[in-house]
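Heads up: the protein sequence lines correspond to chains A and B, in order.
Under the numbering used here, the first residue of the first sequence is numbered 68, with each subsequent residue one higher.
Under the numbering used here, the first residue of the second sequence is numbered 5, with each subsequent residue one higher.
Calculated from the structure, these hints are not laboratory results.
Beta carbons: idealized from backbone N, C-alpha and C, even for Gly.
Treat each hint with caution, since some may be false.
Now the stretches of chain A that chain B is said to cover, found in silico as 3 or more residues with beta-carbon under 8 Å [claimed, not checked]: (1) 83-89; (2) 125-131; (3) 134-143; (4) 175-186.
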Amino acid sequence: MAKTILAVDDSGSLRQMVVFSLRAAGYQVTEAVDGQDGLDKAKSQSFDLVLTDQNMPRMDGLALIRALRALPDYQRTPILMLTTESSDEMKAKGRAAGANGWLVKPFDPQRLTEVVRKVIG
Amino acid sequence: MTANKTSTRHIKELLSGVSEHSNRHLSEVETDLIQTNILLQEAIAKLSASFMAIHEAVSAQQQVVHALVAQCDAPAELVSALHAQGEQVGVHVNAAVTGLQFQDMTNQLISRMMRRINGLRDVLGDIGLDSEGIPAEMDEASLAVRLDRIREAVHAKSSALENELWKAVCQTHMESGDIELF
Numbered sequence: 068m069a070k071t072i073l074a075v076d077d078s079g080s081l082r083q084m085v086v087f088s089l090r091a092a093g094y095q096v097t098e099a100v101d102g103q104d105g106l107d108k109a110k111s112q113s114f115d116l117v118l119t120d121q122n123m124p125r126m127d128g129l130a131l132i133r134a135l136r137a138l139p140d141y142q143r144t145p146i147l148m149l150t151t152e153s154s155d156e157m158k159a160k161g162r163a164a165g166a167n168g169w170l171v172k173p174f175d176p177q178r179l180t181e182v183v184r185k186v187i188g
Numbered sequence: 005m006t007a008n009k010t011s012t013r014h015i016k017e018l019l020s021g022v023s024e025h026s027n028r029h030l031s032e033v034e035t036d037l038i039q040t041n042i043l044l045q046e047a048i049a050k051l052s053a054s055f056m057a058i059h060e061a062v063s064a065q066q067q068v069v070h071a072l073v074a075q076c077d078a079p080a081e082l083v084s085a086l087h088a089q090g091e092q093v094g095v096h097v098n099a100a101v102t103g104l105q106f107q108d109m110t111n112q113l114i115s116r117m118m119r120r121i122n123g124l125r126d127v128l129g130d131i132g133l134d135s136e137g138i139p140a141e142m143d144e145a146s147l148a149v150r151l152d153r154i155r156e157a158v159h160a161k162s163s164a165l166e167n168e169l170w171k172a173v174c175q176t177h178m179e180s181g182d183i184e185l186f
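Use the sequences and the hints to build the structure in full.
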């Protein structure tokens, strides 16, 4: 059974590229348009990996990660940030919130797939 | 000593003029940015749609070619060349996907510009309002205090605006970004 990924980003074009890249690699990808939408979807369905942007309306990436880590089902789920942010300060905040990795945009599909494969197989 | 009535009037008109002209030009800049953003969104929508369609067509074509090659006794060099071309297609597809992410970043930069423009318009608008409150006749010392207060208010609002405008996009090229697993 294909592994499931929740891709959270307020940019439709970015989500489209993530979905294209990961579905081509055989993953099932569900989209969410912001942190709150991501949290709602995570509560209604179990995902093997969450890939989230940082700067989003309603709920940003760090807030989403903290909210997910507070859920029993998501305490060990790999969560990767996919964001334009590249400062050490933000990475430290991401790590403290519970992120397992940090990917700086733009992403290369092959590298993204390799990282996802490394994290969830 | 009472400040020259003409000088006070000039100062009021100067401040009011700065506020009014700035507002007009900033509004034009805002309009242009909105239009730029709309065009970028439309461009990415068209590019993405075309890219997906081309990718689908090429994938289908590759399947047909592979099926044909499998059926006939194609020379090894031809099979090898087809395989190499397939890999080349993959390389270019990856590059296109990376490039097509430009709109996300440019949109963030434009949003930041818009927030700065709105903030700047507020700051300069307040200068205009403050200048209207300056009486036609005022002693020099009081006028100096008043102008100092306007200057300090501008400085405070400008600093606050700067603090709000965190720069999330530092990329200056479209090469793929770093990856770090914690």
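Run through the hints listed earlier and report the numbers of any the structure violates, in increasing order. 2 and 3
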